[in-house]
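Protein chains in written order, with my numbering: chain A, 1 to 285; chain B, 1 to 339; chain C, 1 to 330.
Some clues are possibly wrong.
To be verified - Under 8 angstroms between C-beta atoms, here's a sample of chain A residues computed to sit facing chain B:
#, residue
1, G130
2, R134
3, D135
4, N138
5, F140
6, S160
7, Q161
8, S164
9, K166
10, Y176
11, T179
12, P191
Because the hints were derived from the structure by calculation, they are not lab data. Just so you know, even glycine gets a beta-carbon here, dropped at the ideal spot from N, CA and C.
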Amino acid sequence: MLRVLRDLLRYDGRFRFAFILLAAVVVMFLLSFVSPDDPNKTFVVAMDAPPSLDHLFGTNSRGQDIFWWLTFAVRNSLIMGVITAVISRVIAIIVGLTAGYQGGWLDRVLMSVNDSFVIMPLLPILILLGFLLRDMMNLFLLGVILGFFGWPYDARLIRSQVLSLKERSFTRTAVYSGTNGFWITINEHLPFVLPVVFATTINNLLWSIGTEVTLSVLGLSDLTTPSLGTALFWANQHGALVAGVWWWIAAPALVAIILFLGLYLFFASINEYIDPRTRLRLIGA
Amino acid sequence: MSAADKLLDVQHVTVEFHIGGLVGGSLLVAVNDVSFSLDMDQPEIFTLAGESGSGKTTLSRLLLRDLEPTRGKVLFEGRDLATVRNRSEFKEFMKKVQPVFQNPFETFSPLRRVDAYLFDTALNFEMAPDHQTAARVVEEALRNVGLSLEEVSNRYPHELSGGQIQRVSVARALISQPKLILADEPVSMVDASLRMEIVNLFRKLRDEQRVSVIYITHDLATAYYISDRIGIMLRGFIIESGPVEDVLDRPLHPYTQLLKESVPEPAPKERESWAKHISLGTTEVKEYSRAGCKFAGRCPHVMEICRVVDPPDVQVERRTVKCYLYTEHAEPAAAGIQP
Amino acid sequence: MALLSVENLSAYYRTEIYGISRTVRAVDGVSFELKPNEIYGVAGESSCGKTTLIKVISGNLKPPLKVNSGSVSYHFGIHAVDMLHISQEELRRDLRWKEISYVMQGSMSVLNPVRKIIRTFEDIVDTHEGIPDKKRFFEQVREHVNRLGLPSEVLTSYPHQLSGGMRQRVAIALATVFHPRLIIADEPTTALDVVVQRGVLQMIKDIQAMSNNTVLLVTHDMAVHANVADRVMIMYAGRIAEEAPTEIIFNAPLHPYTQHLIHSLPMIGERSNKVSLRGAPPNLANPPTGCRFHERCPYVMDICRTEVPELVTVQDGHRVACHLVKENPL
Numbered sequence: 001m002l003r004v005l006r007d008l009l010r011y012d013g014r015f016r017f018a019f020i021l022l023a024a025v026v027v028m029f030l031l032s033f034v035s036p037d038d039p040n041k042t043f044v045v046a047m048d049a050p051p052s053l054d055h056l057f058g059t060n061s062r063g064q065d066i067f068w069w070l071t072f073a074v075r076n077s078l079i080m081g082v083i084t085a086v087i088s089r090v091i092a093i094i095v096g097l098t099a100g101y102q103g104g105w106l107d108r109v110l111m112s113v114n115d116s117f118v119i120m121p122l123l124p125i126l127i128l129l130g131f132l133l134r135d136m137m138n139l140f141l142l143g144v145i146l147g148f149f150g151w152p153y154d155a156r157l158i159r160s161q162v163l164s165l166k167e168r169s170f171t172r173t174a175v176y177s178g179t180n181g182f183w184i185t186i187n188e189h190l191p192f193v194l195p196v197v198f199a200t201t202i203n204n205l206l207w208s209i210g211t212e213v214t215l216s217v218l219g220l221s222d223l224t225t226p227s228l229g230t231a232l233f234w235a236n237q238h239g240a241l242v243a244g245v246w247w248w249i250a251a252p253a254l255v256a257i258i259l260f261l262g263l264y265l266f267f268a269s270i271n272e273y274i275d276p277r278t279r280l281r282l283i284g285a
Numbered sequence: 001m002s003a004a005d006k007l008l009d010v011q012h013v014t015v016e017f018h019i020g021g022l023v024g025g026s027l028l029v030a031v032n033d034v035s036f037s038l039d040m041d042q043p044e045i046f047t048l049a050g051e052s053g054s055g056k057t058t059l060s061r062l063l064l065r066d067l068e069p070t071r072g073k074v075l076f077e078g079r080d081l082a083t084v085r086n087r088s089e090f091k092e093f094m095k096k097v098q099p100v101f102q103n104p105f106e107t108f109s110p111l112r113r114v115d116a117y118l119f120d121t122a123l124n125f126e127m128a129p130d131h132q133t134a135a136r137v138v139e140e141a142l143r144n145v146g147l148s149l150e151e152v153s154n155r156y157p158h159e160l161s162g163g164q165i166q167r168v169s170v171a172r173a174l175i176s177q178p179k180l181i182l183a184d185e186p187v188s189m190v191d192a193s194l195r196m197e198i199v200n201l202f203r204k205l206r207d208e209q210r211v212s213v214i215y216i217t218h219d220l221a222t223a224y225y226i227s228d229r230i231g232i233m234l235r236g237f238i239i240e241s242g243p244v245e246d247v248l249d250r251p252l253h254p255y256t257q258l259l260k261e262s263v264p265e266p267a268p269k270e271r272e273s274w275a276k277h278i279s280l281g282t283t284e285v286k287e288y289s290r291a292g293c294k295f296a297g298r299c300p301h302v303m304e305i306c307r308v309v310d311p312p313d314v315q316v317e318r319r320t321v322k323c324y325l326y327t328e329h330a331e332p333a334a335a336g337i338q339p
Numbered sequence: 001m002a003l004l005s006v007e008n009l010s011a012y013y014r015t016e017i018y019g020i021s022r023t024v025r026a027v028d029g030v031s032f033e034l035k036p037n038e039i040y041g042v043a044g045e046s047s048c049g050k051t052t053l054i055k056v057i058s059g060n061l062k063p064p065l066k067v068n069s070g071s072v073s074y075h076f077g078i079h080a081v082d083m084l085h086i087s088q089e090e091l092r093r094d095l096r097w098k099e100i101s102y103v104m105q106g107s108m109s110v111l112n113p114v115r116k117i118i119r120t121f122e123d124i125v126d127t128h129e130g131i132p133d134k135k136r137f138f139e140q141v142r143e144h145v146n147r148l149g150l151p152s153e154v155l156t157s158y159p160h161q162l163s164g165g166m167r168q169r170v171a172i173a174l175a176t177v178f179h180p181r182l183i184i185a186d187e188p189t190t191a192l193d194v195v196v197q198r199g200v201l202q203m204i205k206d207i208q209a210m211s212n213n214t215v216l217l218v219t220h221d222m223a224v225h226a227n228v229a230d231r232v233m234i235m236y237a238g239r240i241a242e243e244a245p246t247e248i249i250f251n252a253p254l255h256p257y258t259q260h261l262i263h264s265l266p267m268i269g270e271r272s273n274k275v276s277l278r279g280a281p282p283n284l285a286n287p288p289t290g291c292r293f294h295e296r297c298p299y300v301m302d303i304c305r306t307e308v309p310e311l312v313t314v315q316d317g318h319r320v321a322c323h324l325v326k327e328n329p330l
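So here's chain A without its partners, still in its complex pose (with noise of 0.2 angstroms):
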């Protein structure tokens, strides 16, 4: 893991400078367990002040240092993204592999909950869903919706990877075997469905983080956790534009820019080295 770290940082510029950039968003998060203000409470510092080596990204009109209380934004954002990573990714293996391998009847059913929930018209359900749960939500139940709502592209995607490597000799090897379906989708399929994982987590991660954005702009989302999204629901409510206070929704655009970036970066260097042909290169095919 080491070796590829840093075969990484040295031959790929791209990775560096996600690198620096995620370190960033890294050291943020980090850092929210050594604030010295407690995201809750208002009027602990002086209002409306410009960014200044106090204040790094100013304070607000509810009197807040906001490069403080982003730190756990960035860190509330994060673990809500990566529950419905975690979770999505989990539900698109197990439907992508099964649908690909088993086929008949099963791929069928699977394959139309799948269009089901593609079709759905995603925004106003979640939009429906965050008024009925108003009460209960928070980021870790918005997290698990967005989980239960992101797989459906990314088993379409695996499947189709599974319908080609059925078709390929070794799949029909791992059969002659004696091997059942679980252990050829383990063995056979799952090394080369894990680039497009891998690949999608990060994407999905991008996702839910930006809707959480969305829903949180509209309001729909649970207002008293910092989090990227509330950062710019409560600068809106307070009128910061208007105000003058442009570093209240500047700041956490700076830092939901940076996390993007820095993510989509990452992906792009990961992907290409984790991608079979490179593997195979690697180990001297």
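Based on the hints, put chains B and C in the right spot on chain A.
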């Protein structure tokens, strides 16, 4: 001979595919009324030879129970394969009939070590109770193909040559101690300098392990070299079958004659006659849908009847030929007569 | 005068990925000549360098393939061309199709799948010479195609309507519209059935006999060389093992590798025992020292392990690279 004496008995098997869309698709008869059988006690190498589109690969999938016949039956050790339904029965069947595939570099996953497949086979077919005993079974199988476990353990496919992988592939097929091995073009992707060792291996299996082999190929030269009997396929039919010396030394069917003549001899002495002009079909679809003998369009001896009704199987000494030239009366009346 | 002289050509693939660099010495010190009016066969197993050799001599050099040393020069009449230093533009405009054309395995890539065959002819001729009169052009192409023994209908067909063999013959017809001096045929019949293969090779022979040009025929199939080629070069692991007129290659081969290749070929009507060589073709990223064949050679000597055998002329037109063979003072 009763069905019980036969290892494999293929009875009038036909496989049809629908090609094209839901409406207006056409019917492709990939295997057409094919029958042959292998003896239980006398292991042999039976070759199915033919060009692309002759139906030989479809037939091999059928024998591996990958496909079901549209009509007809395949009996293995007297049991109709159509009655092999659940997984444990299928496993019993696989234990006795094993495949060897064409492309050595596709036979094993490039991301997996090849010995994993050997151990899988030994454990799945309960040839060994644990990994340690399995190692002995695997070693034994590898020795039969001239390799050792040491040479292949922890190796990825690309670390072995095509010839080596193909031998590993045969070793894997041998682990469950099968009665029949189906080898679909096992040497066509192997380099010339390594090819003969694979081909010789099949002979050795027949003689030492008493395994029957169905060798599927387009290459008549290796077929002549290893097989006991041969069936020549054309557009789904077996048009001539019998002992390989008879069929290839003195082919009777005009198509077999053309095939044999077209194989370039690896010696410059026949250059002139080989360069004699032949006629080729413009499109392939036309021959499939042709009524009567599929070769009628190219046959130098074509008669009226050939274009109308499928020729019957005619017994000529030790072989069977599907051609009107060998019926007693090469007349329309002969159409209905079964020899 | 030779049509093509290749001298001491070495071409390597250099790749570097995450710090691991590899050099595959695909072609290493190869020298040969193509004469006008002959069919020259190149034989060898997979990864012996024959495909790389063709890439270099047809000017198809793309990274990671690089020429390390040597020269490739053509002599088209009075006009000499240095293939290693020609611009892509010149190559495209003056040479491709007109002087050198290329027939490869499976012709689908040269025929446009959604256009009738005649359109592909038009496209190629149009970019090179322009077509002033379409009707007359159609007649010319039809004549050309008929002369090669193909029916006129193929011109108005789509590629998918033709059989594999017919498509390959159309590709050959296309390659010969400008009557090029050199036709490079790379495994032209490999995926084809024997009957069709025979038809396609006959066509290649006919064309050569008609227009007295040169055909460079690359295939791993020795039986094809026996029936088609005038001279044959045997490559092994990036080097020339032997080169001689076809009769000599097949009847009196000197290199142990050639001998094995010829004697291990099964034939209908003959069932004597055939064996394979031990070992496998070497990995060209890390080729053996000395003679690259020594690990597999039945007659290996000490000198073979350390010294690279030179390609020596033993007889007029017969060259061998083997320590067993001493140079014959002519």
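Check each numbered hint from earlier against the structure, then list the numbers of those it violates in ascending order.
1, 2, 3, 4, 5, 6, 7, 8 and 9
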